[in-house]
Amino acid sequence: GEDVEQSLFLSVREGDSSVINCTYTDSSSTYLYWYKQEPGAGLQLLTYIFSNMDMKQDQRLTVLLNKKDKHLSLRIADTQTGDSAIYFCAESTLGSGTYKYIFGTGTRLKVLA
Amino acid sequence: GAGVSQTPSNKVTEKGKYVELRCDPISGHTALYWYRQSLGQGPEFLIYFQGTGAADDSGLPNDRFFAVRPEGSVSTLKIQRTERGDSAVYLCASSLVVAGGPDTGELFFGEGSRLTVL
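Protein sequences appear in the order of chains A and B.
If you're matching positions, the first sequence starts at 1 in my numbering and goes up one per residue.
If you're matching positions, the second sequence starts at 1 in my numbering and goes up one per residue.
Chain A with its partners taken away, still in its complex shape (with noise of 0.2 angstroms):
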């Protein structure tokens, strides 16, 4: 069945870049996602890249997609104290006939002032 996967820590300095990686499982995964979960709240979409994409920049935000290897990654470059939270990645396969996402585990990044 699918499959994703995490690394469960992350710890840097403010200031510095920090890089969340994934790697999931279904090769048929049309979008994969990152998701920000902040203590005792919901989960928020913090982008997004489709699967035909390898890269998508969005201010702080730097996402690599490695199709061939199906390894996601998360950049936050000047990394904030306040992007201290849990990042998920999630992969769908919308517009394959099925909607169901696929979460992983999470990493919790703790940013040290």
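Source of the hints: derived by calculation from the structure; they are not laboratory data.
Just so you know, not all the hints are guaranteed correct.
[To be verified] Short derived list, chain B residues pointing at chain A, Cβ under 10 angstroms: (1) Tyr35; (2) Gln37; (3) Gly40; (4) Pro43; (5) Glu44; (6) Phe45; (7) Ala54; (8) Ser58; (9) Gly59; (10) Phe66; (11) Leu107; (12) Phe108; (13) Phe109; (14) Gly110.
Quick reminder that beta carbons are idealized off the backbone N, C-alpha and C, glycines included.
Based on the hints, put chain B in the right spot on chain A.
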């Protein structure tokens, strides 16, 4: 409100009891999802509705779990004979995604209903 609303926010029940969790999606969103999130885990898919029908219920763990969306808006997740292992945060999300549509399918999540089974 403008977002996805879930009630109750917290529910404590005893083993063997029946529980209902409610989700009120964003107005006009045709797709509605239920996920379960255990401590330290990512959201685990339970069921997806497109309109009133359950398009995919492959994530429901067993027949104690059931969900309805009778008018294509509000949904209720029902858990019978609750067990301690059912303790988790139950997340609801809605989306404008329609079959064959070009939308990127952003899911809008509620804050979840935390269920504790004693």
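Requested in this report: Would you list, in rising numerical order, the hints stated earlier that this structure does not obey?
Outcome: 7, 10
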